[in-house]
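Here's the letter readout for the chains.
Number of protein chains: 2
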Amino acid sequence: MTDERTLRTAEAAAACGADWAILTAPDSVYYAAQVDTIIETGTSAFAGGPLLAIVGRDGTVGVVANNIDEAAARQSPADHVSVYKGLDLRDRTLVETRFRAAMEDALTTLGVGGVVAVQAGSLPWVVADALETRGATLVEIDDELTRQRMTKTADEIERLRWCAHLTDLGQAACLAAVRSGRTELEVWAEVRLAMEAEEGARLPVAGDLTSGIENTFHVGGFPTGREIREGDPIICDLAPRARGYWGDSCNTLVVGEPPPGFDTLYRASEAAVQTAVEQLRPGITMGELDTLLRDAVEQHGAVNLIHNGHGIGTGPHESPRVVPGEPAMIREGMVLMLEPGAYAPGVGGVRLEWMYLVTATGNEVMSGFPHVQSLAGARAAT
Amino acid sequence: MTDERTLRTAEAAAACGADWAILTAPDSVYYAAQVDTIIETGTSAFAGGPLLAIVGRDGTVGVVANNIDEAAARQSPADHVSVYKGLDLRDRTLVETRFRAAMEDALTTLGVGGVVAVQAGSLPWVVADALETRGATLVEIDDELTRQRMTKTADEIERLRWCAHLTDLGQAACLAAVRSGRTELEVWAEVRLAMEAEEGARLPVAGDLTSGIENTFHVGGFPTGREIREGDPIICDLAPRARGYWGDSCNTLVVGEPPPGFDTLYRASEAAVQTAVEQLRPGITMGELDTLLRDAVEQHGAVNLIHNGHGIGTGPHESPRVVPGEPAMIREGMVLMLEPGAYAPGVGGVRLEWMYLVTATGNEVMSGFPHVQSLAGARAAT
Numbered sequence: 000m001t002d003e004r005t006l007r008t009a010e011a012a013a014a015c016g017a018d019w020a021i022l023t024a025p026d027s028v029y030y031a032a033q034v035d036t037i038i039e040t041g042t043s044a045f046a047g048g049p050l051l052a053i054v055g056r057d058g059t060v061g062v063v064a065n066n067i068d069e070a071a072a073r074q075s076p077a078d079h080v081s082v083y084k085g086l087d088l089r090d091r092t093l094v095e096t097r098f099r100a101a102m103e104d105a106l107t108t109l110g111v112g113g114v115v116a117v118q119a120g121s122l123p124w125v126v127a128d129a130l131e132t133r134g135a136t137l138v139e140i141d142d143e144l145t146r147q148r149m150t151k152t153a154d155e156i157e158r159l160r161w162c163a164h165l166t167d168l169g170q171a172a173c174l175a176a177v178r179s180g181r182t183e184l185e186v187w188a189e190v191r192l193a194m195e196a197e198e199g200a201r202l203p204v205a206g207d208l209t210s211g212i213e214n215t216f217h218v219g220g221f222p223t224g225r226e227i228r229e230g231d232p233i234i235c236d237l238a239p240r241a242r243g244y245w246g247d248s249c250n251t252l253v254v255g256e257p258p259p260g261f262d263t264l265y266r267a268s269e270a271a272v273q274t275a276v277e278q279l280r281p282g283i284t285m286g287e288l289d290t291l292l293r294d295a296v297e298q299h300g301a302v303n304l305i306h307n308g309h310g311i312g313t314g315p316h317e318s319p320r321v322v323p324g325e326p327a328m329i330r331e332g333m334v335l336m337l338e339p340g341a342y343a344p345g346v347g348g349v350r351l352e353w354m355y356l357v358t359a360t361g362n363e364v365m366s367g368f369p370h371v372q373s374l375a376g377a378r379a380a381t
Numbered sequence: 000m001t002d003e004r005t006l007r008t009a010e011a012a013a014a015c016g017a018d019w020a021i022l023t024a025p026d027s028v029y030y031a032a033q034v035d036t037i038i039e040t041g042t043s044a045f046a047g048g049p050l051l052a053i054v055g056r057d058g059t060v061g062v063v064a065n066n067i068d069e070a071a072a073r074q075s076p077a078d079h080v081s082v083y084k085g086l087d088l089r090d091r092t093l094v095e096t097r098f099r100a101a102m103e104d105a106l107t108t109l110g111v112g113g114v115v116a117v118q119a120g121s122l123p124w125v126v127a128d129a130l131e132t133r134g135a136t137l138v139e140i141d142d143e144l145t146r147q148r149m150t151k152t153a154d155e156i157e158r159l160r161w162c163a164h165l166t167d168l169g170q171a172a173c174l175a176a177v178r179s180g181r182t183e184l185e186v187w188a189e190v191r192l193a194m195e196a197e198e199g200a201r202l203p204v205a206g207d208l209t210s211g212i213e214n215t216f217h218v219g220g221f222p223t224g225r226e227i228r229e230g231d232p233i234i235c236d237l238a239p240r241a242r243g244y245w246g247d248s249c250n251t252l253v254v255g256e257p258p259p260g261f262d263t264l265y266r267a268s269e270a271a272v273q274t275a276v277e278q279l280r281p282g283i284t285m286g287e288l289d290t291l292l293r294d295a296v297e298q299h300g301a302v303n304l305i306h307n308g309h310g311i312g313t314g315p316h317e318s319p320r321v322v323p324g325e326p327a328m329i330r331e332g333m334v335l336m337l338e339p340g341a342y343a344p345g346v347g348g349v350r351l352e353w354m355y356l357v358t359a360t361g362n363e364v365m366s367g368f369p370h371v372q373s374l375a376g377a378r379a380a381t
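Chains as they are written, first to last, in numbering that gives the first Met the number 0: chain U, 0 to 381; chain X, 0 to 381.
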């Protein structure tokens, strides 16, 4: 049975008037063909081009992979897998040449031609050239594919639930690890290990771990050697990627006494979280939701400088976004990260983010960690 | 003064008969324009295309960057920087559209046209299409650029020396962290933190941390939840990326008594390291060096299943490779990773890798950590 995500990819191609779709961004490749590749060490030195997913209007799937990704490709539902050697002791041809041969093999075997929907920002020229040489016409798929990906399938919701669980452990590890005199990187190492130990594997982790009034006011940043001190706010925004999907989460802690004015920011953010829990449901637009959350913060005399949230899936930030004026309607089956916050110069920043599943009548909070301002209070409670 | 790497990029373009070069793979972008981007969380959700470096025959440099990479782009020697917003609260246009506008602006401002040398495996179709619309002819630069990158500039050597220093600390942390009952991931967290603490920042780290007879026989792998046990060989191959350049290194340890036959593998690899130190010099080919190292291992009755080494720079594996028959001549100013090893089924694997700078008459070992088989012996010695 063809995976629902593959069928939606085929539908996106059809909506573009295309006979085929070729996906080249890793998040779209995973979505279309459920084949994963290592993303956390950059472009592989053993790849002559990206991992390619080719999807036909009828749901046929082809994959072009180097030998490092071969096992993942063979385990996927792909009907045809073309593999080239990324690293070989005896073969001294250019890896680009070997990629090209495998790609041409896949195009020929599957009979790719006619109108082909592609990702303009990542489709390599070598593939575009091969398609044009075959007389194909290229059109762009991103807009339609984005639309298809906005609601999640049951399988996706389970994967996202697992990622939320990983962030619960990461946030608990952060609570346990933070103390005056440790560096952000020391805390980060324990947070990351907590999530990786649960997964039993290395995980790419995006997000922020940043401390101090100035840094938290500036919303985020990767951890550094900065030493955490008494009175520091700490924003811990964790976005691990596991089994092709991303999690996300944010907590804000204070070591010791909060700086003057910080309580206001915290209460404003908490009020917006409460509003989210009460108001997130199908039938209102993302823009309306943004207004509700922004107003909740402003009613406490604070201001949120950034967006209030976004979709999540095989990408860490997906459509629709929770921003002013966004007309996309909230629908059942969407999984949204809502991250209302409040930021003030000289005071710092607070951001409280959970993962929410939109249900038929309201929502379910998928994250399982508590938002806690006081570290001492949180530790006393556990 | 134009950076030597930029001039070499321009030379590579000239060798292809091109007026301009456009670089799109992050390692080449860094090489050509010294602008860095985050690679360890995959393709950015806030990018409409890759960070672009545009280099003219005369050494003019243009960069197209999203606002996250803007600071790095402004600090670089680029003559022209086109920036687009990757994430904006109010702008709801597609990020791809904003990338396209910035890219068109750069092409127009710089007057890019004629013959343009590109990276076929990573140049996005949207850029190829814009160039072709301007009447440009595209040719491939990778082969010529690879040739230019084989020897390193003085600045590159200093950066690689720093990366070697980071691996020294990582290998020392591994020696200190390994013990029976700990998982590979627990050791990995300490190894990674040792390198990140020195850098004061998160680092992408490629390589292997794998334990046990079966896993080390299979050369490598990312760390897992596997518990390290008495008698386990451990391969620790660390490749961190810092300030645009990669380090690399490999040590092999045994917890407690080595498995039967393991000493032979270790002595064979050590003999090959000794051969490398004595024989690596300008004027022989990479293939001849490969034979020398392979023979040293085989004279001890063992066999190396993989390559004996590779170049390193802004990419973790660069040309030339130390493989059978490779005709590239060893030249002064090359920085090579040599990683002779020996692998036997039922016994395990050993790999001993250092970074070497080829000098006028021989070589200098840039790595500063010792290869140590016995953990107990190594700890007694420190």
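Just so you know, not all the hints are guaranteed correct.
Chain copies aren't distinguished; within one or between two, either way the pair holds.
The calculated lysine to aspartate or glutamate pairs, modelled on DMTMM-like cross-linking and capped at a C-alpha distance of 20 Å, are [to be verified]:
#1 Lys84 / Glu226
#2 Lys84 / Glu363
#3 Lys84 / Glu69
#4 Lys84 / Glu213
#5 Lys84 / Asp142
#6 Lys84 / Glu325
#7 Lys84 / Asp294
#8 Lys84 / Glu277
#9 Lys84 / Asp18
#10 Lys84 / Glu3
#11 Lys84 / Asp154
#12 Lys84 / Glu198
#13 Lys84 / Asp262
#14 Lys84 / Glu269
#15 Lys84 / Asp35
Honestly, the hints are just simulated from the structure, not real lab data.
Problem set entry | Earlier hints that do not hold, by number | Hints 1, 2, 4, 7, 8, 9, 10, 11, 12, 13, 14 not satisfied by this model.
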